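Asks: Given next are the chains, with one letter for each unit.
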Amino acid sequence: MAVREEHEIYQYLRHKKKFPGVWCAGCGIGIVLAAIIRAVHRMGLSKDEVAMVSGIGCSGRMSVYVDFNTMHTTHGRALAFATGLKMARPDMRVLVVMGDGDALAIGGNHFIHAARRNIGLTAIVINNSIYGMTGGQYSPATPAGTIASTAVYGTIEQPFSPCDLAAAAGASFVARSTVYHAVELDHLIERAMCKEGFALVEAVSYCHTTLGRLNRVGTAVDMMRALKEKGITQEAAAKLSPDERADKIVRGVLVDRDIPEYTAEYQKLIDRVQAAIA
Amino acid sequence: MQGNLACVEGALVAGCRFFAGYPITPSSEIAEALSRELPKVGGKYLQMEDEIASLAAVIGASVGGLKSMTATSGPGFSLMQENLGYAAMAEIPCVIVDVQRGGPSTGLPTSPSQGDVMQARWGTHGDHPIIVLCPASVSEAFYLTVEAFNFSEKYRTPVILLMDEVIAHMREPFEAPADAAECTSFRVEVIDRLNTDVPPEWYFPYDESTPSDVPPLVSFGEGFRYHITGLMHDRAGFPTERQDEIEPWWRRIFSKIDHNIDQICMYEADGVQQARTVVVAYGCSARSAAHAVKLARAKRYKVGLIVLKTLWPFNESLLENLVGNANRVIVPELNLGQIALEVERIVGRHKVRRVNRVDGELLTPRQILEGIEGG
Chain A
127 MAVREEHEIY QYLRHKKKFP GVWCAGCGIG IVLAAIIRAV HRMGLSKDEV
177 AMVSGIGCSG RMSVYVDFNT MHTTHGRALA FATGLKMARP DMRVLVVMGD
227 GDALAIGGNH FIHAARRNIG LTAIVINNSI YGMTGGQYSP ATPAGTIAST
277 AVYGTIEQPF SPCDLAAAAG ASFVARSTVY HAVELDHLIE RAMCKEGFAL
327 VEAVSYCHTT LGRLNRVGTA VDMMRALKEK GITQEAAAKL SPDERADKIV
377 RGVLVDRDIP EYTAEYQKLI DRVQAAIA
Chain B
-15 MQGNLACVEG ALVAGCRFFA GYPITPSSEI AEALSRELPK VGGKYLQMED
35 EIASLAAVIG ASVGGLKSMT ATSGPGFSLM QENLGYAAMA EIPCVIVDVQ
85 RGGPSTGLPT SPSQGDVMQA RWGTHGDHPI IVLCPASVSE AFYLTVEAFN
135 FSEKYRTPVI LLMDEVIAHM REPFEAPADA AECTSFRVEV IDRLNTDVPP
185 EWYFPYDEST PSDVPPLVSF GEGFRYHITG LMHDRAGFPT ERQDEIEPWW
235 RRIFSKIDHN IDQICMYEAD GVQQARTVVV AYGCSARSAA HAVKLARAKR
285 YKVGLIVLKT LWPFNESLLE NLVGNANRVI VPELNLGQIA LEVERIVGRH
335 KVRRVNRVDG ELLTPRQILE GIEGG
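Read top to bottom, the protein sequences are chains A and B.
If you want my numbering, it's the 1-based position in the first sequence plus 126.
Heads up: the second sequence at position 38 corresponds to 22 in my numbering, and the numbers run straight through without jumps.
Just chain A, with the same shape it has in the complex:
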């Protein structure tokens, strides 16, 4: 994977010995990486004021490649680490990159509480609906009936949606797109980063290496094409019956509301306490 120097994302990557990356050829995670960089570039942020905190798994490796302040944490805990960092440095833009197993299974508790606190983090969940790095075990986002390496007879569990979860838990901003809709994705990430409170962008991706192979759904190109066909706008979704909507991916901004952001509220608390002492 060679990135030309004149390309805008070049200056945001760590070139020396970090490439080629760990991701399989055809993986969607690199598209999310590029979308994040485009969003940061358009916002005109300095690399020094951006931090990327990631969890464990394929998506967790993203923090190695970008030239920000980067922290690759423990499985599921990225939001908890990022919460401490944001408390110490409310002036920094903190991006938190997680996978679906990372954010929703082992990190599910941290996920809902970061949203509830409405702390100013930009969470990006790359949802490929499988544990990719460990070899295709089913995750909380795997659709029922899918074959996985730990569900050879098909999963019988219901998946849940990170967007619904974040919306219910109190996030300020919730949006979804897919790695096929890459330009839309970077605009959603930009809007999420501009939001003061907790913001989630779900980037729906795929894993052709594990899930794709086990379920015989074709190559990366086939899975990308499926995202193109399944990914519909909210307006289009509104015209469909619940049955027709069932396997669609509804894209766009799902929640956008103004709720007091946690670190700003905490500063007000400090000011109030210190004023009372003085």
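The set of hints was computed from the structure by calculation and includes no laboratory data.
If you're wondering where the values come from, they're calculated on a predicted model, not measured in any experiment.
There's no promise every hint is true.
Said to hold, decoys possible - For each label pair, taking beta carbons as the anchor points, the in silico distance ranges come out as: (1) S193(B) to G170(A): 48 to 56 Å; (2) H167(A) to P232(B): 33 to 41 Å; (3) Q137(A) to N179(B): 21 to 29 Å; (4) G26(B) to G170(A): 26 to 34 Å; (5) I396(A) to R155(B): 51 to 59 Å; (6) D397(A) to A162(B): 30 to 38 Å; (7) P232(B) to Q137(A): 30 to 38 Å; (8) Q263(A) to P232(B): 32 to 40 Å; (9) A363(A) to P232(B): 55 to 63 Å; (10) R155(B) to D217(A): 39 to 47 Å.
Virtual Cβ for every residue (Gly too), placed ideally from N, Cα, C.
Using the hints provided, position chain B relative to the given structure of chain A.
Replies: For chain B alone, coordinates are given in the frame of chain A:
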């Protein structure tokens, strides 16, 4: 003042400005007091969803440049082991207070115990060094908390303050000094994180050629964009699987502690040189031991007392020198023998007599005296 509150005063004097925790008996007074005191000094208290998240947030805040701590008890300490390993691997300063209670599991929430000595040493997986301090009085809860922060910053390592329920809830006359300059009864200086004097392009957060073995840690957001990971990493912080990078890293994180063992290992020794019998104790058991030694001396026994204030690293040569001449070493503990294992390893099993109590009550001086008097 209560031991838990002395710990809070020590943390504030040391410069702690961030606490994240989860309520648990018998440590909750620390969280309660810091939630009240931290905002007064511009610091922040955060109640997390569990202890795993608590230590994660503490590490995150430390990377952001704040001196940070958490406090818990055995069940929560078990949950923290994951990120304790992360702090050891990534070399992030942080202080973890474990007010021990009877365990395992939910155990005896309000009964004293010294059962976490080995968990504090080896609780997280993998080979790693650790510093564990253990106060035996309310004033020591203050001073050792300051030292815990100092060691964590100086050596870039997690430091555990291993209290027990007795010291945490006991009240003794003690007035905490308002800042380090006012401390008179104990050597107290506040050590801050070493900053680098090199420009960002020359900065390596894990530089193996640092003479002290402790490379300076620059906070995030200061213009030094680098990588932190729980994976084995090279000098720049990036993942590595190279053998010529892995072993030097491992050697360095051990040597940064081992080379400073005399500064890290604090203890008090009383009448040890002439003694035929020496008691080696720590925490609340050291208080019973001190009284037992007094009773034994009144009966003309030649008894010495060593009170360990640093449990880990265990200073082998120090103990060898101090008790080498003794015939017998008594090790009283509120467990069935944890530090005794170390003492036995150094002086030999035949010389060591364990005095243990695990019924949820304190060791009495009489029990330890019986150990001293026994054949």
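Asks: Each hint should be assessed against the structure and marked as holding or not.
Replies: Here's how the hints hold up against the structure:
no.: 1; hint: S193(B) to G170(A): 48 to 56 Å; in the structure: violated (38 Å)
no.: 2; hint: H167(A) to P232(B): 33 to 41 Å; in the structure: holds (38 Å)
no.: 3; hint: Q137(A) to N179(B): 21 to 29 Å; in the structure: holds (27 Å)
no.: 4; hint: G26(B) to G170(A): 26 to 34 Å; in the structure: holds (30 Å)
no.: 5; hint: I396(A) to R155(B): 51 to 59 Å; in the structure: violated (30 Å)
no.: 6; hint: D397(A) to A162(B): 30 to 38 Å; in the structure: violated (23 Å)
no.: 7; hint: P232(B) to Q137(A): 30 to 38 Å; in the structure: holds (32 Å)
no.: 8; hint: Q263(A) to P232(B): 32 to 40 Å; in the structure: holds (35 Å)
no.: 9; hint: A363(A) to P232(B): 55 to 63 Å; in the structure: holds (56 Å)
no.: 10; hint: R155(B) to D217(A): 39 to 47 Å; in the structure: holds (42 Å)
The earlier numbered hints that this structure contradicts are 1, 5 and 6.
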